[in-house]
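**Q** Sequence:
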Amino acid sequence: MKRMTQALAITLALFPAAQALAEATAIDVRKTNGCGCCLSWMKHLEENGFVPTGQDMFGGLLVRFKLDNGVPQRMVSCHTALIDGYAIEGHVPAADIRRLLEERPDAVGLAVPGMPYGSPGMGPEDDREAYDVVLIRKDGSTEVFSSYAEG
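All the letters of the sequence shown, read from the start, carry residue numbers -22 to -1, 1 to 129 under mature numbering (1 follows the signal peptide of the UniProt record, and there is no 0).
Because the hints were derived from the structure by calculation, they are not lab data.
Don't take every hint at face value.
What the hints assert, rightly or not - Pair ranges (Cβ atoms, derived):
no., residue 1, residue 2, range
1, R115, E80, 29 to 39 Å
2, G38, E81, 15 to 25 Å
3, G118, E81, 29 to 39 Å
4, D104, G38, 13 to 23 Å
5, R42, P102, 16 to 26 Å
6, R82, S119, 12 to 22 Å
7, R42, G63, 12 to 22 Å
8, G38, E128, 27 to 37 Å
9, L79, Q33, 26 to 36 Å
10, Y95, E25, 17 to 27 Å
11, D117, L17, 16 to 26 Å
12, A73, L17, 28 to 38 Å
13, E81, G12, 14 to 24 Å
14, D46, D104, 34 to 44 Å
For clarity, every value in this text was computed on a predicted model and none was experimentally measured.
Positions of the beta carbon are idealized from the N, C-alpha and C atoms, including for glycine.
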């Protein structure tokens, strides 16, 4: 019983550290060299508990990477990230990535097609254009995952 109590005490003492580590989720970002909006989006991720690592790819290879990871051409944006079995295309807000990871739908991942002004990494959120975050299903179909009104 004493060992169990000690183990419980150690677990509770480590819980905040374990929780912080769990919240700092690694995400692999593929982008073109020198893209400022990609770097701004990665900063947004860092500010929201993710640990992004960036890898530069030439244009043609990046397009092939997107297609190979199930991103339909009509959903393409400037960068593609991989996280826990999902593809994240474009300027997807960190909150939507967290929701995806919590809900775990049977899907390729999320996309914000194009580069909407005011999406994370694309200018001030309080002056944004309206945009949708789209869930990409494995059969290539899509549906709106969340919507952001003009700000």
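**Q** Run every hint past the structure and note whether it holds.
**A** Evaluated hints:
1. In this structure the supplied range 29 to 39 Å is violated for R115 paired with E80, their Cβ-Cβ distance being about 18 Å.
2. Judged by the Cβ atoms, the range 15 to 25 Å given for G38 and E81 is violated: they are separated by roughly 34 Å.
3. Between G118 and E81 the CB atoms are about 20 Å apart, so this pair departs from the stated range of 29 to 39 Å.
4. In this structure the supplied range 13 to 23 Å is violated for D104 paired with G38, their Cβ-Cβ distance being about 37 Å.
5. For the hinted restraint 16 to 26 Å between R42 and P102, the CB-CB distance of approximately 33 Å leaves it violated.
6. Taken as a hint, the range 12 to 22 Å holds for the pair R82 and S119, whose Cβ atoms sit roughly 18 Å apart.
7. Here the CB-CB span from R42 to G63 is close to 20 Å, well matched to the stated 12 to 22 Å.
8. At about 35 Å, the CB distance of G38 to E128 agrees with the hint of 27 to 37 Å.
9. Our hint of 26 to 36 Å for L79 and Q33 is violated, since their Cβ atoms are close to 21 Å apart.
10. The hinted range of 17 to 27 Å is satisfied by Y95 and E25, whose Cβ atoms lie roughly 19 Å apart.
11. In this structure, D117 and L17 break the distance hint of 16 to 26 Å, their C-beta atoms being roughly 33 Å apart.
12. Separation of A73 from L17 is about 20 Å and departs from the stated range, judged on CB atoms against 28 to 38 Å.
13. Between E81 and G12 the C-beta distance comes to about 35 Å, which lies outside the given range of 14 to 24 Å.
14. Between D46 and D104 the beta carbons are some 37 Å apart, a value that agrees with the proposed interval 34 to 44 Å.
Hints 1, 2, 3, 4, 5, 9, 11, 12, 13 from the list above are not met by this structure, while the remaining hints are.
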